[in-house]
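Participant: Protein chains in written order, with my numbering: chain A, 4 to 92; chain B, 241 to 369.
No lab work stands behind these hints: they were computed from the structure. Idealized CB from N, CA, C, for every residue including glycine. One or more of the hints may lead you astray.
Said to hold, decoys possible - Covered stretches of chain A, as calculated for chain B (at least 3 residues, CB under 8 Å): (1) 65-74; (2) 77-87.
Said to hold, decoys possible - Below, simulated DSSO-like cross-link-like pairs (lysine-lysine); rule was C-alpha separation at most 27 Å, straight line: (3) B/Lys354 with B/Lys342; (4) A/Lys73 with A/Lys9; (5) A/Lys51 with A/Lys73; (6) B/Lys355 with A/Lys84; (7) B/Lys275 with B/Lys253; (8) A/Lys84 with B/Lys351; (9) A/Lys35 with A/Lys21; (10) A/Lys84 with A/Lys26; (11) A/Lys73 with B/Lys342; (12) B/Lys254 with B/Lys275; (13) B/Lys253 with B/Lys286; (14) B/Lys253 with B/Lys272; (15) A/Lys84 with B/Lys354; (16) B/Lys342 with A/Lys84; (17) A/Lys51 with A/Lys35.
Each chain, letter by letter, is given below.
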Amino acid sequence: MTRSQKKGPFVDEKLYNKVVMAKDRNDNSPIKTWCRRCTIVPEFVGRKFEIHNGRRFIPLYVTEEMVGHKLGEFSPTRTYKGHISGKRK
Amino acid sequence: MPRIAGVDIPANKKIEYSLRYIYAIGPHVSLKILKAANIEPGVKAKDLTEDEVGRIATVIEQDYQVEGAARRFVSGNIARLRDIACYRGLRHRMGLPCRGQKTRSNARTRKGPKKTVAGKKGVKELSRG
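Chain A extracted, bound-state conformation (with noise of 0.2 Å):
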């Protein structure tokens, strides 16, 4: 089901300040994160992440278009490579 539309988007205070305070600083190396929930936010654009996906940080460079999107999405926590060709064996 969708966010109540009152709540407003969700954005970790943490990161966001973070990411408020490095523009500040004209700091423009990636942030590293864990939270995956959190939306993407006008502010975030043109800016590095690295986003946690269990197991190693995905570096994702936040375009305009990425805006309204979780972190998260663009953090893939599956590998799959496909399935062993079926003829040999």
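Assemble chain B onto chain A, guided by the hints.
Facilitator: Chain B only, in chain A's frame:
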């Protein structure tokens, strides 16, 4: 047979239903259009006057995206998801369902016809039967 929004030729049904043959017009929009055009939903499509058909056409043209425009809108949205490589975009690329359905079984609409894998459990019985 009246002709609305380009190629579509709704049949010999009530206009409320025949409008739905146009892509991107469903039950709700159909009724809304008829209300805006001030036409009784129960009238058969063939019984509409030229003027009424024209009124429907103008309402659709002004306020709704139908057929090609609507299709472009949808495929544009999907292309966007693919481009930004978010989870839904990846699922679209892989041709798998993107709304969290299970894929262990079923999901045939997205995955297409069954591909039988040799050596998998149960195949012998299948090929004999």
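Participant: Look at each hint and say if it fits the structure.
Facilitator: These are the hints, each one checked on the structure:
1. Using a Cβ-Cβ cut-off of 8 Å, 4 residues of the segment 65-74 of chain A lie near chain B, which meets the minimum of three, so the contact claim holds.
2. Interface restraint, the segment 77-87 of chain A with chain B: holds (3 residues with C-beta to C-beta distance below 8 Å; minimum three).
3. Of the pairs offered as hints, the one joining lysine 354 of chain B and lysine 342 of chain B holds, with about 16 Å between alpha carbons and a cut-off of 27 Å not exceeded.
4. This hinted pair checks out: lysine 73 of chain A and lysine 9 of chain A have alpha carbons roughly 18 Å apart, not beyond 27 Å.
5. For the proposed pair lysine 51 of chain A and lysine 73 of chain A, the alpha carbon gap of about 14 Å is at most 27 Å, so the pair holds.
6. Annotation: proposed proximity of lysine 355 of chain B to lysine 84 of chain A holds, straight-line Cα distance about 18 Å (limit 27 Å).
7. About 18 Å separates the Cα atoms of lysine 275 of chain B and lysine 253 of chain B, which keeps this hinted pair within 27 Å; it holds.
8. This hinted pair checks out: lysine 84 of chain A and lysine 351 of chain B have alpha carbons roughly 17 Å apart, not beyond 27 Å.
9. Taking the CA atoms of lysine 35 of chain A and lysine 21 of chain A, the gap is near 10 Å; set against the 27 Å cutoff, the hint holds.
10. The straight-line distance between the Cα atoms of lysine 84 of chain A and lysine 26 of chain A is roughly 38 Å, outside the 27 Å bound, and the hint therefore fails.
11. Of the supplied pair hints, the one linking lysine 73 of chain A and lysine 342 of chain B holds, its CA atoms being roughly 22 Å apart against a limit of 27 Å.
12. Annotation: proposed proximity of lysine 254 of chain B to lysine 275 of chain B holds, straight-line Cα distance about 14 Å (limit 27 Å).
13. This hinted pair checks out: lysine 253 of chain B and lysine 286 of chain B have alpha carbons roughly 8 Å apart, not beyond 27 Å.
14. Our distance criterion of 27 Å between C-alpha atoms is met by lysine 253 of chain B and lysine 272 of chain B, whose separation comes to about 18 Å.
15. For the hint pairing lysine 84 of chain A with lysine 354 of chain B, the CA-to-CA distance comes to about 20 Å; that is within 27 Å, so the pair holds.
16. Taking the CA atoms of lysine 342 of chain B and lysine 84 of chain A, the gap is about 18 Å. The hint holds against a cut of 27 Å.
17. This hinted pair checks out: lysine 51 of chain A and lysine 35 of chain A have alpha carbons roughly 9 Å apart, not beyond 27 Å.
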